[in-house]
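With the sequences and hints as input, model every part of the structure.
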Amino acid sequence: MAMQIFEYNGSAVVAMVGKNCFAIASDRRLGVQLQTIATDFQRISKIHDRVFIGLSGLATDVQTLYQRLVFRHKLYQLREERDMKPETFASLVSAILYEKRFGPYLCQPVIAGLGEDDKPFICTMDSIGAKELAKDFVVSGTASESLYGACEAMYKPDMEAEELFETISQALLSSVDRDCLSGWGGHVYVVTPTEIKERILKGRMD
Amino acid sequence: MGDSQYSFSLTTFSPSGKLVQIEHALTAVGSGQTSLGIKASNGVVIATEKKLPSILVDEESVQKIQHLTPNIGVVYSGMGPDFRVLVRKSRKQAEQYNRLYKEPIPVTQLVRETATVMQEFTQSGGVRPFGVSLLVAGYDDKGPQLYQVDPSGSYFSWKASAMGKNVSNAKTFLEKRYTEDMELDDAIHTAILTLKEGFEGEISSKNIEIGKIGADKVFRVLTPAEIDDYLAEVE
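In order, the protein sequences belong to chains C and Z. Each residue of the first sequence is one higher than the one before, counting from 257 in my numbering. Each residue of the second sequence is one higher than the one before, counting from 202 in my numbering.
Since the hints were made in silico from the structure, they are not lab data. None of the values given here were measured: they were computed from a predicted structure. Hints are supplied without guarantee of correctness; some may be wrong.
[Stated by the list, open to error] In silico DSS-like cross-links for lysine-lysine, where the CA-CA straight-line distance does not exceed 25 Å: (1) C:Lys387 x Z:Lys303; (2) Z:Lys303 x C:Lys375; (3) Z:Lys303 x Z:Lys293; (4) C:Lys356 x Z:Lys293; (5) C:Lys341 x Z:Lys343; (6) C:Lys341 x Z:Lys293; (7) Z:Lys303 x C:Lys391; (8) Z:Lys293 x C:Lys330; (9) C:Lys302 x Z:Lys303; (10) Z:Lys303 x C:Lys356; (11) C:Lys275 x C:Lys302; (12) Z:Lys293 x Z:Lys343; (13) Z:Lys251 x Z:Lys372; (14) Z:Lys251 x Z:Lys290.
[Said to hold, decoys possible] To list a few chain Z residues with every Cβ distance to chain C over 10 Å, as calculated: (15) Ile223; (16) Leu227; (17) Gln234; (18) Val258; (19) Pro271; (20) Arg300; (21) Pro307; (22) Arg329; (23) Glu376; (24) Leu385; (25) Asp387; (26) Ser405; (27) Ala426; (28) Glu436.
For each residue, glycine too, the CB sits at the ideal point set by N, CA and C.
What follows is the structure, encoded as structure tokens:
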């Protein structure tokens, strides 16, 4: 069996835009090919209260890239005395990924944040930094094809936070059920201008 | 005095705790042509004398006020060639920031990086400090800003400042004339009057240069025709 490096650990990440809010969700499985190693792997991380990044792909690069990005953002905060806007952060991630053009980080990031005037921003990019902006949803990981289908069917614009949570959770769980490499629950963040709600989903535990 | 024995080497402190080369650099600045800047409530103006060594020099080819980015401009007092080098480095740093973050560089960040370059030239082997002080004028999300950067690499934010030959008269004049709620056009008039204070000879649009930036966040050097209009208003 040929080893596909992007499918080595298994992952699923999705982000959706709502009305002055966004949601970002991921699965929780960490595997080594067919064996499940952990069921509480953290794929989504907070950069600051209004910017989140979810990373799918090879787990070691997920962790290292996250550490590098937090490092860069902390320095930025100290120098500029402000938080990074989501668009700026996305440009930074893209630049950092392209630095390693000929030996890349094997990750696909999903970035979600609230920009100026609380306007939600989402984007994804490939492992060498090609940005893809979207107005509705972005997906990434081994379950991405199922996620595209589920999101396209379930998404509607201008959902409020609670309805957005339901929609993204259903899309995530139904997609990872069709993918043997991702699943074992879900981790969902719904972010509005006033609060961040973090929830764990219990789905099919396989 | 003990200091003079330490004045040749940049990287050696004198017994009085000074780097004498930097003092000399400041002297070079102090004998340069006067320049000044004023921060208004809705913009910033910077201006300088443009005394050319002979009437045969094509004054249109000389531009002392330069852009660093579309919304940040700079003027200097001191050595022109050193200024050119700093402008080049600063423009590159501003563009690198823009390439990385796809966002225009904030004024404070650009000033800090330029000042860092100037400081590096006070602590390296085989180089000398820059013989210029800069006045950086910009308008970004934090509003209008005016910064002075010295050869030592220290920088200060000013409401109004002057540098060069006529610095003490100019600063006294500015202290009297400056008000917090001044608008950009008032500031331009005040800048012209301040330049006039120590001006040798007749002031005209051919021997001064004025740059301004307003709430539109576009830095512009005024044309001689525009300067003539302001000069007429001041008379």
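Cross-check of the supplied hints:
1. C:Lys387 x Z:Lys303: Holds: Lys387 of chain C and Lys303 of chain Z sit about 13 Å apart, inside 25 Å.
2. Z:Lys303 x C:Lys375: 18 Å, holds
3. Z:Lys303 x Z:Lys293: 14 Å, holds
4. C:Lys356 x Z:Lys293: Given that 25 Å is the threshold and the Cα spacing comes to 22 Å, the pair holds.
5. C:Lys341 x Z:Lys343: 15 Å, holds
6. C:Lys341 x Z:Lys293: 23 Å, holds
7. Z:Lys303 x C:Lys391: Given pair Lys303 of chain Z, Lys391 of chain C holds - Cα atoms ~20 Å apart, limit 25 Å.
8. Z:Lys293 x C:Lys330: 24 Å, holds
9. C:Lys302 x Z:Lys303: 22 Å, holds
10. Z:Lys303 x C:Lys356: 19 Å, holds
11. C:Lys275 x C:Lys302: 20 Å, holds
12. Z:Lys293 x Z:Lys343: 22 Å, holds
13. Z:Lys251 x Z:Lys372: 19 Å, holds
14. Z:Lys251 x Z:Lys290: Roughly 23 Å separates the two Cα atoms, so the pair holds.
15. Ile223: 25 Å, holds
16. Leu227: 28 Å, holds
17. Gln234: For Gln234 of chain Z, whose nearest Cβ neighbour in chain C is about 34 Å away, the distance exceeds 10 Å, so it holds.
18. Val258: Since the minimum Cβ distance to chain C is about 42 Å, Val258 of chain Z lies beyond 10 Å and the statement holds.
19. Pro271: 18 Å, holds
20. Arg300: About 7 Å separates Arg300 of chain Z from the closest Cβ of chain C, which leaves it inside 10 Å; violated.
21. Pro307: Per Cβ check, Pro307 of chain Z is inside 10 Å of chain C; nearest 6 Å; violated.
22. Arg329: 28 Å, holds
23. Glu376: 29 Å, holds
24. Leu385: 26 Å, holds
25. Asp387: 31 Å, holds
26. Ser405: Correct as stated: the minimum Cβ-Cβ distance to chain C is 42 Å, above 10 Å.
27. Ala426: 39 Å, holds
28. Glu436: 44 Å, holds
Of the hints listed earlier, those the structure fails to meet are numbers 20 and 21, in rising order.
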